[in-house]
Structures are given as C-alpha cells and as structure tokens.
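Quick note, the sequences are listed as chains A and B, same order.
If you use numbering that gives the first Met the number 0, the first sequence corresponds to residues 0 to 217, in order.
If you use numbering that gives the first Met the number 0, the second sequence corresponds to residues 0 to 217, in order.
Warning: the hint list may mix true and false statements.
Pairs count within a copy or across copies, as identical chains cannot be separated in the list.
[What the hints assert, rightly or not] Here are the simulated DSS-like pairs of lysine-lysine, each with C-alpha atoms no more than 25 angstroms apart in a straight line:
hint : residue 1 : residue 2
1    : K9        : K111
2    : K28       : K111
3    : K145      : K126
4    : K113      : K13
5    : K11       : K217
Note that these hints are calculated values from the structure, not bench results.
2 protein chains.
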Amino acid sequence: MNEIIHPTEKTKLKRIPKRGNFERETIYKILDEAFVCHVGFVANNQPFVIPTSFARIDDRLVIHGSAASRMMRSLSEEIDVCVTVTLVDGLVLARSAFHHSMNYRSVVVFGKAKVVSEEQEKYEALKAFTEHIVPDRWAEIRPPTKNELKGTTVLSLALTEASAKIRTGNPVDDEEDYNLDVWAGVLPVHLTTGAPVADDRLKSGISVPPNILNYSRK
Amino acid sequence: MNEIIHPTEKTKLKRIPKRGNFERETIYKILDEAFVCHVGFVANNQPFVIPTSFARIDDRLVIHGSAASRMMRSLSEEIDVCVTVTLVDGLVLARSAFHHSMNYRSVVVFGKAKVVSEEQEKYEALKAFTEHIVPDRWAEIRPPTKNELKGTTVLSLALTEASAKIRTGNPVDDEEDYNLDVWAGVLPVHLTTGAPVADDRLKSGISVPPNILNYSRK
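Construct the entire structure; sequences and hints are all you get.
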C-alpha cells in the first residue's frame, strides 16, 4: 500500500522539501479525515475556489453537486482542476513574531475530473459521500432513487498527481531567541463533535444510533 | 458597521440564494474565526489552490510568505485571485442519502492582491497575523527586525467583492420520509484546542500565559 506517487513540476516542493510527502497512505489518511475540500478551477478567465464535501473511493476523489451549479458545469468539461484539503493541527507559538507558524497536514491534487454517468457507479459514489461523513450510516437511511441519481452530477478525479505537505512539532526559533523570557510551544487544535441535536420532526421512539453517539473522526 | 457589500455576477448565488449573505459584519466574523484561507490563482494556465494563514485588517485581508514562493511571486503581479475561507459547523444527517448535508459558513473574496511595501504597514500586517492566531500575543514576543520584514512578502486584498454562504439548522427531508424509522438531526462540529505543549527548549520558570491557557476561538 505504501506506494509513492511520482512528484511532478507542480507537486514537488521547492522551498521546504522536507515538508513534502508523496506516500499514498499518508495522502489517503489526510483525505479521509477531512470533511471539506477546496476545488479550484477557471471560468471566464477567473479563478474560483469552492468548498465542497467529497469522498475517496480507492484511488479517486469524488465530488457531487447539482448539474446546474457553475462548478459542476465547468468541471464537466474536463478542464484543469486543483483540489486542496487542509487539516489544522496546532498553533506554533515561537519566541519571535517571524517564526510563528501552524502545524497542518494538507493535500493538493491536480488533474481533470470526469463525469460519472453509469448509474451503479453514481450509486456507489453517493454511498461513499454518506459513509465519509458518518461511517455505517448507509445501512440506516433511505438509499437514493433513480430520479435522485439523475439529478446529481458526480465527478471523479484520479489521485495520480497528488502530494501532501505536513508540518509537525515545535517552533524553530533563532538561536539567540531561545534565551528570551517568552513562553513557546504548540497549542494543539482539532475538530471535535458536540452532542447530537435531534431534528424537530424526529419520529418518537428513535434513539441516537451508536455511530453518531460515539462519533470520532480519527 | 452592518454595511452590505454589493453583489456581483461572481458573488451572487444563483441556486440557493437564501444561503447568501453580503453583510460586512457577517463576513468579517467568519474571516476572524478561521485559521486558514485557500488562495486560488492561475499560473501557466493551471489553477492552484494553496492553504495559508491570513489576517484581516479593517476592510482588507492580508497574507504573507517568502518572496521566493510560487504563490507570492504570481500574486505579486496583481493577477486575479479568489480567496476562500470555510468553517464546518455540523453534519446534517437526513433520513435519505440524498438530503445529507453540512452546516457551514464560508466566505469567498475576489480581486487582485497588492504588495505591501511600506515598512510600517508590513510591521502592522505581521502584528495582525500574530494577533489573529493568538490575541494579545504581540506584547509577549520579539517583534520583527528590519531584515525579517525585508524577507517577508505581504499581500493585501481589499474586501470589496466578497460574500458569505451559510447553511444552518435541521436536515430538510422529503415529506414522505419524515415517517421513516431513521434518526435524523445535526451532529455539531467545532474546532477546539488541547492543552498547550511547551517547547522542549523552553527556558525554565516560564508559565503558560492566560491567553494561551484559556484560549478560545470565538
């Protein structure tokens, strides 16, 4: 599994190469933890960056949306796209302003997305979106109808030109600053979930299922 | 303060207009809560989406980086940029796969960034970056030297073409699905901080300051 994705001119890091990571396993783990990706594309010579939910199916990233949306219409024409996923892990608090930083894990994917038109493949993508948000949710809910599948555009982007960028650990201060009377270190940051809030119209007698009650992202 | 930013062809929402928000106060609040923005630009006909830290100074968004980075070099030429900030607030768990969604608040800004070259203005931007991460941190740390200011490129983007998009509340299911025996509702999601981790080389006798010990994002 721990295959290396070949770096390209676009994905290789020129300035701080030690932060770059091209292992499939590392890239997949970051994608699987994130809720949202940021999709970059060009329409009428203007760059757009649109946040959207997504899922990973094996070595592809899938997104979905209404066929009427500008993003889905533009991407359906198989134009160049850049999809970026970012997780913030910590605030890196140095002794100098200059060396303040963040711990993070990000993934950038380049390519051209393809429309998924085959009904069974679309069904599997909708399943992946739901399971990406809440594992084991699919078995509990009403699956999509043929009409719902028709009204949804699904796009698939191969994870062939992709890379991760990761910063971890302590601040790195200038040697002479270590002696300053300044607290320095890392304030860890993570996403967490609160108590589930039942829908106002929830049918009586239905309790919160364990995969939602004991939800954990990692 | 609660001024409305004029919607444009790029920022107005065509499909679900009720999710759009053009109030300066709402847009600023989202920007001030987020740690990371995603910067979209085009270089060699290829869209790039790069995550980076940022700050807001009044009606401008500022980012910074090494003058050697592709992003800073490209944006310094005052090309079109799209900067997007997204906060995930909840997983919206409907009775059908089709109506699963997320609660979120996002901001999209369009424009051309300008290089901040005046030394005092750069100094104020570096202060804003630090204060954006940890309020009141600036007074505790070593401020930037003239050389550090020289080595940093700061870009400023006016918040003149900007909009927010917000989803809140319960899932919206098809009427006939409300009778299904499926738990439905919202699982709230938020960023939280853990206990501060002191740097390995922290000088002895320095305790964690209250703004870090009692850190809260909102």
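Status of each hint after checking the structure:
1. K9 - K111: both (14 angstroms within a copy, 23 angstroms between copies)
2. K28 - K111: within (22 angstroms within a copy, 34 angstroms between copies)
3. K145 - K126: Only inside one copy: K145 and K126 sit 14 angstroms apart there, 55 angstroms across copies, limit 25 angstroms.
4. K113 - K13: between (30 angstroms within a copy, 24 angstroms between copies)
5. K11 - K217: neither (27 angstroms within a copy, 36 angstroms between copies)
Consistency with the previously given hints fails for number 5 only.
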